[in-house]
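Take the given structure of chain C and dock chain H to it, following the hints.
Sequence order for the protein chains is C and H.
Under the UniProt record's numbering, think of the first position of the first sequence as 1, with each following residue one higher.
Under the UniProt record's numbering, think of the first position of the second sequence as 1, with each following residue one higher.
Everything labelled a hint here was simulated from the structure, so no lab data went into it.
The C-beta atom is built at its ideal place from N, Cα and C for all residues, glycine as well.
Be a bit skeptical, because a hint or two may be false.
[As the list claims (entries may be wrong)] FRET-style restraints, in silico, Cβ to Cβ:
| no. | chain 1 | residue 1 | chain 2 | residue 2 | range |
| --- | --- | --- | --- | --- | --- |
| 1 | H | Asn104 | C | His127 | 29 to 39 Å |
| 2 | H | Gly273 | C | Ser55 | 22 to 32 Å |
| 3 | C | Arg273 | H | His64 | 39 to 49 Å |
| 4 | H | Arg146 | C | Val308 | 41 to 51 Å |
| 5 | H | Ala279 | C | Ser188 | 22 to 32 Å |
| 6 | H | Asp296 | C | Asp3 | 48 to 58 Å |
| 7 | C | Arg273 | H | Asp296 | 46 to 56 Å |
| 8 | C | Asn111 | H | Ala280 | 50 to 60 Å |
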Amino acid sequence: MSDTLLSAQDVSKDFAFGRSLLDVVKGAPIKAVHALNGVSLDVKRGETLGIVGESGCGKSTLARCLVRLHDCDGGRVVYDGTDIATLSGADRRAFNTKVQMIFQDPYSSLNPRMTVRQILSEALRVHNMRPKVEIDARIAELLDLVRLPQDAADRLPHAFSGGQRQRIGIARALAVEPEVLVADELVSALDVSVQAQVVNLLLELQDRLSLTVVFVAHDLRLVRHISHRVAVMYLGKVVEVAPTETLFKAPKHPYTQALLAAAPEVDPTRRTRRVAAKGELPSPINLPSGCLFHTRCPHAFDRCVSDVPQLTPRRPGHVAACHLPDPELP
Amino acid sequence: MTEPILSVRNLTATFGQGASALRAVNEVSFDVMPGEVLGLVGESGSGKSVTLRSLLRLLPVGGHVGGSVSWHGKDIVRMTDAELRAVRGGQISMIFQEPMTALNPVLPVRVQIEENLRAHTQLDRKGRNARAKELMDLVGIPDSARRLDEFPHQFSGGMRQRVMIAIALASDPKLLLADEPTTALDVTIQDQILNLILDLRDELAMSVVLVTHDLGVVAATCDRMAVMYAGRIVEEGDVTQVFAQPRHAYTRGLLGSIPQAGTERSMLLSIDGTPPGLAAIPQGCAFNPRCDFATDICRRTRPHLTGDGHRAACHNSDAVIAAGSPVKKALSHV
Numbered sequence: 001m002s003d004t005l006l007s008a009q010d011v012s013k014d015f016a017f018g019r020s021l022l023d024v025v026k027g028a029p030i031k032a033v034h035a036l037n038g039v040s041l042d043v044k045r046g047e048t049l050g051i052v053g054e055s056g057c058g059k060s061t062l063a064r065c066l067v068r069l070h071d072c073d074g075g076r077v078v079y080d081g082t083d084i085a086t087l088s089g090a091d092r093r094a095f096n097t098k099v100q101m102i103f104q105d106p107y108s109s110l111n112p113r114m115t116v117r118q119i120l121s122e123a124l125r126v127h128n129m130r131p132k133v134e135i136d137a138r139i140a141e142l143l144d145l146v147r148l149p150q151d152a153a154d155r156l157p158h159a160f161s162g163g164q165r166q167r168i169g170i171a172r173a174l175a176v177e178p179e180v181l182v183a184d185e186l187v188s189a190l191d192v193s194v195q196a197q198v199v200n201l202l203l204e205l206q207d208r209l210s211l212t213v214v215f216v217a218h219d220l221r222l223v224r225h226i227s228h229r230v231a232v233m234y235l236g237k238v239v240e241v242a243p244t245e246t247l248f249k250a251p252k253h254p255y256t257q258a259l260l261a262a263a264p265e266v267d268p269t270r271r272t273r274r275v276a277a278k279g280e281l282p283s284p285i286n287l288p289s290g291c292l293f294h295t296r297c298p299h300a301f302d303r304c305v306s307d308v309p310q311l312t313p314r315r316p317g318h319v320a321a322c323h324l325p326d327p328e329l330p
Numbered sequence: 001m002t003e004p005i006l007s008v009r010n011l012t013a014t015f016g017q018g019a020s021a022l023r024a025v026n027e028v029s030f031d032v033m034p035g036e037v038l039g040l041v042g043e044s045g046s047g048k049s050v051t052l053r054s055l056l057r058l059l060p061v062g063g064h065v066g067g068s069v070s071w072h073g074k075d076i077v078r079m080t081d082a083e084l085r086a087v088r089g090g091q092i093s094m095i096f097q098e099p100m101t102a103l104n105p106v107l108p109v110r111v112q113i114e115e116n117l118r119a120h121t122q123l124d125r126k127g128r129n130a131r132a133k134e135l136m137d138l139v140g141i142p143d144s145a146r147r148l149d150e151f152p153h154q155f156s157g158g159m160r161q162r163v164m165i166a167i168a169l170a171s172d173p174k175l176l177l178a179d180e181p182t183t184a185l186d187v188t189i190q191d192q193i194l195n196l197i198l199d200l201r202d203e204l205a206m207s208v209v210l211v212t213h214d215l216g217v218v219a220a221t222c223d224r225m226a227v228m229y230a231g232r233i234v235e236e237g238d239v240t241q242v243f244a245q246p247r248h249a250y251t252r253g254l255l256g257s258i259p260q261a262g263t264e265r266s267m268l269l270s271i272d273g274t275p276p277g278l279a280a281i282p283q284g285c286a287f288n289p290r291c292d293f294a295t296d297i298c299r300r301t302r303p304h305l306t307g308d309g310h311r312a313a314c315h316n317s318d319a320v321i322a323a324g325s326p327v328k329k330a331l332s333h334v
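Extracted from the complex, chain C is given alone in its bound form (with noise of 0.2 Å):
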């Protein structure tokens, strides 16, 4: 039942600054933003798994290189027991539609210049998902899954407003009929009450459709609503993977554990005062030594300074990476 479908195995990636021929005669080291750092995480068939982390955690890079639009610099990401890395031709382009990324933006990630008909039919056409005579059939059937008007086919993405492109984007990924959906900040850049249309739609996909969901997200709320497995991401690290009811009531992460006490409670009768994390996320060029958080922790001591922990089981399917057993919670 459990198995695992995609999983990211140690994966690093680098982005490097270009260097000045001078900084090359000085012999001058090369400056890179660490993006990730190692990470390892597995997706199981069926699950949502959900992956939250403020900006700059390396949260939107991960799902990148869990589809390959980005090659990993270290590690590897296996799909169905094959390392993606290795694919090419036509390998390449079946597992391009086994998965398959929904983008953030939903003003930039559309074709102003093509019909809602061209962007789904070509997405078809590339894959020859279906003979030519069939395309058209097949178009209504994916409006009519997203819960799109029939005649959205033929007018420009401009015509629709932002949780309609973000369903228009959510048809052009299910074309393809993939198995796993990585969606990158799906709702963001949407208002509240569109928010929640377009994630009752993505559960209700996800039922009929048995999809597996990877959901990228800044929104903690979002993501204990959709997921069944949380990983917590800092500085391009996972720090705590849990199911998501034991990692949102009992957090074993001293980041996490901030995390949840920095997000407004929608409730007027349970309000603090007090601060959450002092301080800011460091710079992703230099990292700190030893524990990446040990910089803002209130429970820091020598050891985070020059040890970096490692991700270690705390309860079943829960793993923490802190020197301490039991944080206490702040």
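Frame of chain C; chain H shown alone:
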């Protein structure tokens, strides 16, 4: 009974002329009490930001403000430019959503803080210097003496927002207008900035009007809230009351759209459709095409804000109240 510090009556903001004129804000009335944090909530295009800017007549060219905004016995809408300059950025200051675009990128932070001090205080050069440093300390920027001479691009997003707040506080304002001050920030930094605003409110005895689209932010910081839809206030009241018992179908829908603990992987109570454009606001209640409670009267006549303290503009308030608050429901599950 205390007197409101700011009282807004029938505020209207119009853009354009004649037949093509659009009303972004339509007969909005509310009061701000001394020391209170009032939240203006709504989705994009609901007119919440334009309302805030209209209070200081900060509309782009072509915008026209009507109605009255009375501040210490004077009407801001009818003030002369000289009077307005004393109020704007002085007694009432404003912070904006995008700390990067609101700060001048080619001037060091010191110049930008001192600019406000020169305009609104009598301090001499030395006094301004000292006060600028004091303000940086007040908003929690470490190493303030050195950082005063840095440029905005050398600050992180959260620190830039602190600089903006420092500039806003330079003139000892009695009212702070905050336009989505934390929307561009991460959740741990948002938490720091919101707590800072609340602390400053206590220390400096200011009132705050906070514009936001995030009901979580409202729940965590505001005393009272006003919900806007299509340019009008549809519900207004004490935050605890509104969350516990929304009286307008739109407020109820908004509250239900937020995922809550204990309802994982269930369908959210979403609102169908999208907010109307300003050029095509539906007849009757502007919310009626998206409303589950809509009846014939909603399609014909526009409801007025009624009630005392907790006011709502909804014909079917009773039905909405009977349906109960989606927030309370979720809480009783836990």
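Okay, the hints, checked on the actual structure:
1. With their beta carbons about 51 Å apart, H/Asn104 and C/His127 fall outside the hinted range of 29 to 39 Å.
2. Checking the proposed 22 to 32 Å range against H/Gly273 and C/Ser55 shows it holds: the Cβ atoms sit about 31 Å from each other.
3. The hinted range of 39 to 49 Å is satisfied by C/Arg273 and H/His64, whose Cβ atoms lie roughly 41 Å apart.
4. Separation of H/Arg146 from C/Val308 is about 32 Å and departs from the stated range, judged on CB atoms against 41 to 51 Å.
5. Between H/Ala279 and C/Ser188, the C-beta spacing of about 27 Å keeps the proposed range 22 to 32 Å intact.
6. The beta-carbon spacing between H/Asp296 and C/Asp3, approximately 56 Å, falls within the hinted interval of 48 to 58 Å.
7. Between C/Arg273 and H/Asp296 the CB atoms are about 48 Å apart, so this pair conforms to the stated range of 46 to 56 Å.
8. Taking the beta carbon of each, C/Asn111 and H/Ala280 are about 27 Å apart, not inside 50 to 60 Å as hinted.
Going down the numbered hints, you'll see the structure goes against 1, 4, 8, while the others check out.
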